[in-house]
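Trainee: Assemble the whole structure, with the sequences as input and the hints as a guide.
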Amino acid sequence: MTLRIDRTSTEPFILGSESSYKITVTPNVEIDLICVHEKGLDLVLEIEDGAVVNFYEIFKEHSNRWLESSKEISVGNGAKLLLFELFSGFEKYENRIVQSSNSSVEVLQLCELKNEDEAKSIGEFIVDGENCKFKQISRFLLHDSSKGFLESIAVANRGAHNAQISQAHNTLLIGENSNMRVHSAPQMKIFHDELKAKHSSTVGSLDDEALFYMQSRAISKENAQQMLQDAFKLELIEKIESQEFRKMLL
Amino acid sequence: MIGIKDLEVTVEEKVLLNGLNLDIKAGEVHALMGPNGAGKSTLAKVIAGHPSFKVTSGTMKFDGKDLLELKVHDRACEGIFLSFQHPLEIEGVKTNTFLKTALNAKRIYNKQEPLSAVEFVKNLKSSADAVGIEHEMLNRALNSGFSGGEKKKNEILQMVMLKPKLIILDEIDSGLDIDALKDLSEQLQKLRTKENSFLIISHYKDLFEHFRPDFVHIIKNGTIVKDGSYELAQSVFEEGFSDDSKD
Amino acid sequence: MKRDAKEFINQPYKEGFETVVETEEFPIGLDENIIKRISSTKNEPHWLLEMRLKAYNKWLAMDEPSWANLSYPKIDYQKIRYYSAPKNISSLDEVDAEILKTYERLGIPLEEQKVLAGMAVDAVFDSVSVKTTFSKTLEDLGIIFCSFSEAVKRHPELIKKYLFSVVAMGDNYFAALNAAVFSDGTFVYIPSGVRCPMELSSYFRINAMNTGQFERTLIIADDDSFVSYNEGCSAPMRDENQLHAAVVELVAHKSARINYATLQNWYPGDAKGVGGIYNFVTKRGKCAGEGSHISWTQVETGSAITWKYPSCILLGDNSSGEFYSVAITSLAQQADTGTKMFHIGRNTKSTIISKGISAMSGSNSYRGEVRVAKNADNAHNYTSCDSLLLGDECSAHTFPYINVKNSNSTVEHEASATKIAQEQLFYLMQRGLSEEQSIALIVNGFCSDVLERLPMEFAVEARELLALTMEGAVG
Numbered sequence: 025m026t027l028r029i030d031r032t033s034t035e036p037f038i039l040g041s042e043s044s045y046k047i048t049v050t051p052n053v054e055i056d057l058i059c060v061h062e063k064g065l066d067l068v069l070e071i072e073d074g075a076v077v078n079f080y081e082i083f084k085e086h087s088n089r090w091l092e093s094s095k096e097i098s099v100g101n102g103a104k105l106l107l108f109e110l111f112s113g114f115e116k117y118e119n120r121i122v123q124s125s126n127s128s129v130e131v132l133q134l135c136e137l138k139n140e141d142e143a144k145s146i147g148e149f150i151v152d153g154e155n156c157k158f159k160q161i162s163r164f165l166l167h168d169s170s171k172g173f174l175e176s177i178a179v180a181n182r183g184a185h186n187a188q189i190s191q192a193h194n195t196l197l198i199g200e201n202s203n204m205r206v207h208s209a210p211q212m213k214i215f216h217d218e219l220k221a222k223h224s225s226t227v228g229s230l231d232d233e234a235l236f237y238m239q240s241r242a243i244s245k246e247n248a249q250q251m252l253q254d255a256f257k258l259e260l261i262e263k264i265e266s267q268e269f270r271k272m273l274l
Numbered sequence: 021m022i023g024i025k026d027l028e029v030t031v032e033e034k035v036l037l038n039g040l041n042l043d044i045k046a047g048e049v050h051a052l053m054g055p056n057g058a059g060k061s062t063l064a065k066v067i068a069g070h071p072s073f074k075v076t077s078g079t080m081k082f083d084g085k086d087l088l089e090l091k092v093h094d095r096a097c098e099g100i101f102l103s104f105q106h107p108l109e110i111e112g113v114k115t116n117t118f119l120k121t122a123l124n125a126k127r128i129y130n131k132q133e134p135l136s137a138v139e140f141v142k143n144l145k146s147s148a149d150a151v152g153i154e155h156e157m158l159n160r161a162l163n164s165g166f167s168g169g170e171k172k173k174n175e176i177l178q179m180v181m182l183k184p185k186l187i188i189l190d191e192i193d194s195g196l197d198i199d200a201l202k203d204l205s206e207q208l209q210k211l212r213t214k215e216n217s218f219l220i221i222s223h224y225k226d227l228f229e230h231f232r233p234d235f236v237h238i239i240k241n242g243t244i245v246k247d248g249s250y251e252l253a254q255s256v257f258e259e260g261f262s263d264d265s266k267d
Numbered sequence: 017m018k019r020d021a022k023e024f025i026n027q028p029y030k031e032g033f034e035t036v037v038e039t040e041e042f043p044i045g046l047d048e049n050i051i052k053r054i055s056s057t058k059n060e061p062h063w064l065l066e067m068r069l070k071a072y073n074k075w076l077a078m079d080e081p082s083w084a085n086l087s088y089p090k091i092d093y094q095k096i097r098y099y100s101a102p103k104n105i106s107s108l109d110e111v112d113a114e115i116l117k118t119y120e121r122l123g124i125p126l127e128e129q130k131v132l133a134g135m136a137v138d139a140v141f142d143s144v145s146v147k148t149t150f151s152k153t154l155e156d157l158g159i160i161f162c163s164f165s166e167a168v169k170r171h172p173e174l175i176k177k178y179l180f181s182v183v184a185m186g187d188n189y190f191a192a193l194n195a196a197v198f199s200d201g202t203f204v205y206i207p208s209g210v211r212c213p214m215e216l217s218s219y220f221r222i223n224a225m226n227t228g229q230f231e232r233t234l235i236i237a238d239d240d241s242f243v244s245y246n247e248g249c250s251a252p253m254r255d256e257n258q259l260h261a262a263v264v265e266l267v268a269h270k271s272a273r274i275n276y277a278t279l280q281n282w283y284p285g286d287a288k289g290v291g292g293i294y295n296f297v298t299k300r301g302k303c304a305g306e307g308s309h310i311s312w313t314q315v316e317t318g319s320a321i322t323w324k325y326p327s328c329i330l331l332g333d334n335s336s337g338e339f340y341s342v343a344i345t346s347l348a349q350q351a352d353t354g355t356k357m358f359h360i361g362r363n364t365k366s367t368i369i370s371k372g373i374s375a376m377s378g379s380n381s382y383r384g385e386v387r388v389a390k391n392a393d394n395a396h397n398y399t400s401c402d403s404l405l406l407g408d409e410c411s412a413h414t415f416p417y418i419n420v421k422n423s424n425s426t427v428e429h430e431a432s433a434t435k436i437a438q439e440q441l442f443y444l445m446q447r448g449l450s451e452e453q454s455i456a457l458i459v460n461g462f463c464s465d466v467l468e469r470l471p472m473e474f475a476v477e478a479r480e481l482l483a484l485t486m487e488g489a490v491g
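Chains as they are written, first to last, in the numbering used here: chain A, 25 to 274; chain B, 21 to 267; chain C, 17 to 491.
One or more of the hints may lead you astray.
DSS-like cross-link-like pairs, simulated, lysine-lysine; straight-line CA separation at most 30 Å [as the list claims (entries may be wrong)]: (1) C:LYS435 - B:LYS114; (2) A:LYS213 - C:LYS90; (3) B:LYS240 - B:LYS225; (4) A:LYS171 - C:LYS421; (5) A:LYS220 - B:LYS74; (6) B:LYS185 - B:LYS240; (7) C:LYS390 - A:LYS144; (8) A:LYS116 - C:LYS356; (9) B:LYS25 - B:LYS246; (10) A:LYS257 - A:LYS84; (11) C:LYS95 - C:LYS74; (12) B:LYS131 - B:LYS185; (13) B:LYS114 - A:LYS222; (14) A:LYS157 - A:LYS116; (15) B:LYS171 - B:LYS214; (16) C:LYS365 - A:LYS213; (17) B:LYS246 - B:LYS185; (18) A:LYS157 - B:LYS34; (19) B:LYS74 - C:LYS435; (20) C:LYS169 - C:LYS58; (21) B:LYS210 - B:LYS171; (22) B:LYS34 - C:LYS435; (23) B:LYS171 - A:LYS220; (24) A:LYS46 - A:LYS271; (25) B:LYS91 - A:LYS220; (26) C:LYS356 - A:LYS144; (27) C:LYS390 - A:LYS171; (28) A:LYS245 - C:LYS365; (29) C:LYS356 - A:LYS220; (30) C:LYS70 - C:LYS95.
No wet-lab data here; the hints were simulated from the structure.
Small disclaimer: the values here were computed from a predicted structure and weren't measured.
Mentor: Below is the structure:
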């Protein structure tokens, strides 16, 4: 399905009935796109100069077989994109985003896996112009014997003057003597010198000090653990401006 | 000591200084005052040779030498010292290592023998004591983790050790409380000799009250609009920068 | 190793001279006969020849790796000479005067009086360890420090026990090649409870044209022992590329500690990328015993292509591994280097600090792997990689791989890429430092975390090497 969004609207545009989309958002248009899909997604999104897009994505139901979301997004001069993906078991998200000058992209991914679920996130993020901002925060919570796979590469091409690039992968492993696995590979390829680029990856379990502190203030161990896990997720969820999408999450 | 004539300075096509004239002789203390954006910091950086600024016309002479022909570090070795408003932190570069390198660079430029490690450390310790810096601080990375006041003290330490001829102070008093300010003024008085000169950029009367300038200049829109003595500064403190400018 | 500081200032690559010496050279190319000849020239026992041939056959069946972020013309392995030894060596006491002179020019102490430097030196000249000083002094402590060839003859049981125990012959393409054609290297054994009283050092030099250097080093630290080992290298300027495919195996037993430091200054090639050494090295340490510790520290400024990942296998409970590295790529150099830390035992710890500096058209990639096995309870890793870009033609890349299968472990990785801030440069220059001095000071500061880990002598040399490399590297 081919779509052209040429008017700003406070009402979000809901996608998900089709599995393949080609969407163009014309210059300076501001729009929220919410995609709730069942079978998978194949998307080519062109965000033209000055447009502002918030794209929220979630699979309708938990699945036991692999589903894929593959997106190819171009962000024009001065445009802005917030991409929020909430995913769970047996989902693979593949993203390729290319940014032109003066644009800003924020990619937020939140994934909680239980039992034997697996999830994969693969990303290629290219900054191809001056004064761009790119920020990625991917958070995985792994329980039981689940498996998380995160590989993303941020590329600053020659000419990416003044770029500000930051990638963060954070993985929380929950449960002692559990069998979960995480593979995290945030990568950077920098071909230009006048910019700031950084990335980080952390893997760990709940902070013992924090747990102890909360229990010493009469909070039960289970509640304390839950509160910390919620806090881990909350930082990303707070960035969701769309009321519609928040409603969908609850 | 320094003579600036009809100086025009631009940055990316924008004119920042326009026909600026200033003369400072040895032993004098000059104050430069003006509203924000008038060009005070620009002038300070241009005298030091900051690469961002382009001198499009005019001359600058320092002790008979054409400053425009000299690079940043050569101007420093000739005796120009610019105290930074926000002194920079440099990772992994120890304060004492840095000072020794700078001091010896100047000595070699002026055809003097560089100091040996022993001589240098002696010099450093006594200077640090005079300024009120603990020896342990000298072993830390340059300005790293220093408070605002400590950074300013570090700048004074550099002045004491490098013994510059022309000391340009760019808002050195910003962020200091009354006691620190008094301390600063005392240090500046100790530094002052008949051979060196000061160009002080500031808004605040407290510093000038304790360290009185001989000459005061008001700068507006990139050019000096008024010259006077300390009374001029006092009238600015009372009335602010008025809009009518008398040349 | 002391150097006359003045020598550094004048030549762009000081070590680019050739020594004319009679060498015993094998014909170019590689086949089973060459391997048999290497083995017989060194009077090796049959079991070692068999291992070489086994490795050779493995190598034939392997493909050269292509996943690294490097681009270089295909290496023709039949155009390389695999053995070149100065002819006049029959015993360790007779060393060709020319060779001794070479080492003198390089500032390497081969005479007893250099004990003031506190170093025992084993110098390898084109495939043969020329002389090992202080053997007697160390012998009294039970320490074995000799050439690999000699160890094969005098301590075959140790060689049989440990050779290929950390880097198997089929581990990777270059390790297999090395296992087939290695000519010599260093062997160190520290007995239980002994703390080696001096820094041990080896110096490698590739002299003859088309000669690959395939040295093999094996260091074993028995329970409760300690050794600090330094490796430095240089090579003359040539138009053809020279291959360096070495293998280093370290084994640390219970509570033992091995510090291995490398100062690599191979010829980097010219600004167009012609000539220069291809440095493909496999270095791995096994923390076999409980509480053992291995630390790798390296300063890499030379070689046209660098492909090396000094690694630690943290097998013993409470063992720890460290990796500190400064890698500079300038001109047209390319480096794909990093480390691998394998956490297998419990309560293991690893620290990785990597500083990459790219200048001119250099390309610098950090590739690191941190693996935490399922039963590696309470594993901790901290990694910090920073890249400094000087100039607008260079590039810096970071490829970390983190793989965790244990829920009680912590892995923290952070990386950044920046250039030298113009304000920092201006600040230093305004205090009288020239642009070169300012950059050198900032670069030194950038690398200080790593340089501080080097043994004193090495640290001085490393700073000189950094300064030398930075000269002219400013765009």
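Trainee: Next, verify each hint and record whether it holds.
Mentor: Against the structure, the hints:
1. C:LYS435 - B:LYS114: Holds, at roughly 20 Å.
2. A:LYS213 - C:LYS90: 24 Å, holds
3. B:LYS240 - B:LYS225: 18 Å, holds
4. A:LYS171 - C:LYS421: Measuring from Cα to Cα gives roughly 9 Å; hence the hint holds.
5. A:LYS220 - B:LYS74: 27 Å, holds
6. B:LYS185 - B:LYS240: Judged against 30 Å, a Cα distance of about 27 Å means the pair holds.
7. C:LYS390 - A:LYS144: 20 Å, holds
8. A:LYS116 - C:LYS356: Measuring from Cα to Cα gives roughly 28 Å; hence the hint holds.
9. B:LYS25 - B:LYS246: Status holds; Cα separation ~15 Å.
10. A:LYS257 - A:LYS84: Distance ~19 Å between LYS257 (chain A) and LYS84 (chain A) Cα, so the pair holds.
11. C:LYS95 - C:LYS74: 20 Å, holds
12. B:LYS131 - B:LYS185: With Cα atoms ~17 Å apart, LYS131 (chain B) and LYS185 (chain B) stay inside 30 Å; holds.
13. B:LYS114 - A:LYS222: 25 Å, holds
14. A:LYS157 - A:LYS116: 25 Å, holds
15. B:LYS171 - B:LYS214: The hint holds at about 27 Å.
16. C:LYS365 - A:LYS213: Satisfied, since the Cα-Cα distance of roughly 28 Å is no more than 30 Å.
17. B:LYS246 - B:LYS185: Within the cut-off at roughly 25 Å; holds.
18. A:LYS157 - B:LYS34: Holds: LYS157 (chain A) and LYS34 (chain B) sit about 27 Å apart, inside 30 Å.
19. B:LYS74 - C:LYS435: 23 Å, holds
20. C:LYS169 - C:LYS58: 10 Å, holds
21. B:LYS210 - B:LYS171: Roughly 19 Å separates the two Cα atoms, so the pair holds.
22. B:LYS34 - C:LYS435: Holds, because 27 Å separates the two Cα atoms, which is no more than 30 Å.
23. B:LYS171 - A:LYS220: 25 Å, holds
24. A:LYS46 - A:LYS271: 26 Å, holds
25. B:LYS91 - A:LYS220: At roughly 28 Å apart (the allowed maximum being 30 Å), LYS220 (chain A) and LYS91 (chain B) satisfy the hint.
26. C:LYS356 - A:LYS144: 23 Å, holds
27. C:LYS390 - A:LYS171: Holds, at about 13 Å.
28. A:LYS245 - C:LYS365: 28 Å, holds
29. C:LYS356 - A:LYS220: 26 Å, holds
30. C:LYS70 - C:LYS95: Distance of about 22 Å is within 30 Å: holds.
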